[in-house]
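Chemist: One letter stands for each residue in the lines below.
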Amino acid sequence: MVSTAEQTTATDVAPKKGRSLWADARRRFLRNKAAMLGLAILVFVALFAVFGGLLAQWSNEELDYNVMGQAAQLGGPSLENGHYFGTDDLGRDLFARTVQGTQISLAVGVIGALIACVVGTVYGATAGYLGGRIDSVMMRLVDIFMAVPYMFVLILLLVMYGRSITILFIGVGLISWMEMARIVRGQTLSLKGRDFVEAAQATGVSTPVIIARHIVPNLLGVIAVYATLLVPLMILTESFISFLGLGVQEPMTSLGALISEGAGTIAYGTTWQLGFPLLFFVLTLFGFFFVGDGLRDALDPKDR
Amino acid sequence: MLTYTLKRLAVAIPTLLLLIVVSFLLMHAAPGGPFTAERELPPQVLANLNAKYGLDDPLWKQILTYVWNVVTGFDFGPSFIYKDRTVNEIIAQGFPVTLTYGLLSFAVAVVVGVSLGIAAAVRHNSALDYAAVGVSIGAQVLPNFVMAPILVLVFTLWLGWLPGGGWQGPEYWILPVVALSTSFMASIARITRSSMLEVLTQNHIRTARAKGLPEHRVILRHALKPALLPVISYLGPAFVGMITGSVVVDIYFSTGGIGKAFVDSALNRDYAVMMGVTILMGALTIFFNLVVDLAYAWIDPKIRY
Chain A
-10 MVSTAEQTTA TDVAPKKGRS LWADARRRFL RNKAAMLGLA ILVFVALFAV
40 FGGLLAQWSN EELDYNVMGQ AAQLGGPSLE NGHYFGTDDL GRDLFARTVQ
90 GTQISLAVGV IGALIACVVG TVYGATAGYL GGRIDSVMMR LVDIFMAVPY
140 MFVLILLLVM YGRSITILFI GVGLISWMEM ARIVRGQTLS LKGRDFVEAA
190 QATGVSTPVI IARHIVPNLL GVIAVYATLL VPLMILTESF ISFLGLGVQE
240 PMTSLGALIS EGAGTIAYGT TWQLGFPLLF FVLTLFGFFF VGDGLRDALD
290 PKDR
Chain B
43 MLTYTLKRLA VAIPTLLLLI VVSFLLMHAA PGGPFTAERE LPPQVLANLN
93 AKYGLDDPLW KQILTYVWNV VTGFDFGPSF IYKDRTVNEI IAQGFPVTLT
143 YGLLSFAVAV VVGVSLGIAA AVRHNSALDY AAVGVSIGAQ VLPNFVMAPI
193 LVLVFTLWLG WLPGGGWQGP EYWILPVVAL STSFMASIAR ITRSSMLEVL
243 TQNHIRTARA KGLPEHRVIL RHALKPALLP VISYLGPAFV GMITGSVVVD
293 IYFSTGGIGK AFVDSALNRD YAVMMGVTIL MGALTIFFNL VVDLAYAWID
343 PKIRY
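Residue numbers (the working numbering), protein chains in the order written: chain A, -10 to 293; chain B, 43 to 347.
Treat the hints as calculated values from the structure; they're not laboratory data. Beta carbons are placed, not taken as given, at the ideal position from N, Cα and C, and that holds for glycine. Among the hints, erroneous ones may be present.
To be verified - Some chain B residues flagged as far from chain A (calculated, every beta-carbon gap over 12 Å): (1) Val87; (2) Tyr124; (3) Arg127; (4) Val164; (5) Gly298.
Said to hold, decoys possible - Calculated lysine to any residue pairs in the SDA-like style (CA-CA distance at most 20 Å, straight line): (6) Lys49/B / Leu130/A; (7) Lys49/B / Asp132/A; (8) Lys22/A / Trp340/B; (9) Lys22/A / Val177/B; (10) Lys49/B / Val126/A; (11) Lys22/A / Ala173/B; (12) Lys22/A / Ile179/B; (13) Lys49/B / Met128/A; (14) Lys49/B / Asp124/A; (15) Lys49/B / Phe134/A; (16) Lys49/B / Val131/A; (17) Lys267/B / Arg248/B; (18) Lys49/B / Leu60/B; (19) Lys22/A / Tyr172/B; (20) Lys267/B / Val177/B.
What the hints assert, rightly or not - For the chain A half of the interface with chain B, some residues (derived, Cβ under 7 Å), not all of them: (21) Val131; (22) Ile133; (23) Phe134; (24) Val137; (25) Pro138; (26) Phe141; (27) Ile144; (28) Val148; (29) Leu222; (30) Leu225; (31) Leu235; (32) Ala252; (33) Ile255; (34) Leu274.
This is chain A alone, in the form it adopts within the complex (with noise of 0.2 Å):
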């Protein structure tokens, strides 16, 4: 309501200049302080793990040989010996480890999330636009996907065929598309009946090229919608098996490993080591479920 309004004053003003869905849906997410904090937060974290090697004085990999063995008194925070962020009681310097996690954390959050929304959208808006009884039979299925514990099924698979992160990627896109296809079907289900898509059907064009060419970018701002808020679910899906030791592997890290580690030597005194991946990770999820919720304001149709 209040946007028609805006919208009625603005075009009084500015007669001669329309404005797109999307040029609408901008000026509202602008708008929204919550999802530029958010946007904000997370160029901070891209910036983080992407140039944050550049800053880094260690490796990843690398021991300090002073530090081993005596985290709790000498592997705290300090910049004198380039540890920004402290060591862990290897001698690994933290905030290179930091920025690895941060990378792969975000990696499988927005590899998976992709995953889910490609599989998703392929899957509803095929039942959606097929509707009858192709459609009732793909959204039972859907529902018996959806009674299932996949965490126990995911971890099962990685297990089984190796824990590689090839597979936790697809295996964290594929366990969450469900959600993705039940919104896509609504969508489809609303734009089937719609004038472009008849005249489409009377023109003769197949049905693989009307649902990609005429259902599928009639869909794009919900999917952009539901991708974002995807992301962070991802994010703590990978985690939650990283710190159950069954995800990334050593050399490599995840925030969720590094947390596991900081977590289990809390005890010892040595509380950056939880607190710094624990620090990346909250503002990780805080910048994209924000961001998300903005979107979401700014382009689901509902709220219109």
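Based on the hints, put chain B in the right spot on chain A.
Modeler: Relative to the frame of chain A, chain B by itself:
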């Protein structure tokens, strides 16, 4: 109602069978058998072992035997690593612990979450409301594996109030339950708050107020039931999340629950135990979802079955 129940059962039972068969096939297709060791076993020994565990039968027979044993006797067979223990013994050892803090966490999450949500909605835009919203946003980024170390750091190491691990009495229950329930409590509070706010604007609430009912009766008798519907549909996912989170609790607090057995078996490649736990958790989830669906249909008069 009976038809609806039967319909739901007709979905639940195949789901469970599917889960059993799929995890069996996954296990079967995995590279490296349970007896692949660093030192290769003599062929005769391997053949004897395979015969003992029934691994030399044709695949369809293995599946049927396994499903039959699971369905008729909850018998998950022997462990592949601990030669003298069955999967059932391993599960039976940890399950009561998991069940205890699981149920406690669930109760805490629902009771505290719903109360907080109602309080925030009734005192809309008050300090309490903002606090509740703040807490629920914060808890979103504090899943159980983050809560657990923070709680131990504060309450065990800094304050020294509570034990940070073990399972010997009620004081050992507090930290695991808080760690497991916080994020779900926050989600439930958020859902309750927003649905309560929506219900409070509806006509029947205005009518109830207009006829002079005291506010607490309006809230509890007229607004609560419709406001709880979204909460009820969230209980299914919350249950799955808690089952999953119990693994973290078992690992971090050494509570000795079933999650520890699961992770140990994952690290040892003890497929029999992994499958047993997965199927048990799957069965619990499916059963719980069934209960939730029936409860929803029973409470919501708009659902026709």
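Chemist: Please name the hints from earlier in the document that this structure breaks, with their numbers sorted from lowest to highest.
Modeler: 8, 20, 21, 23 and 29
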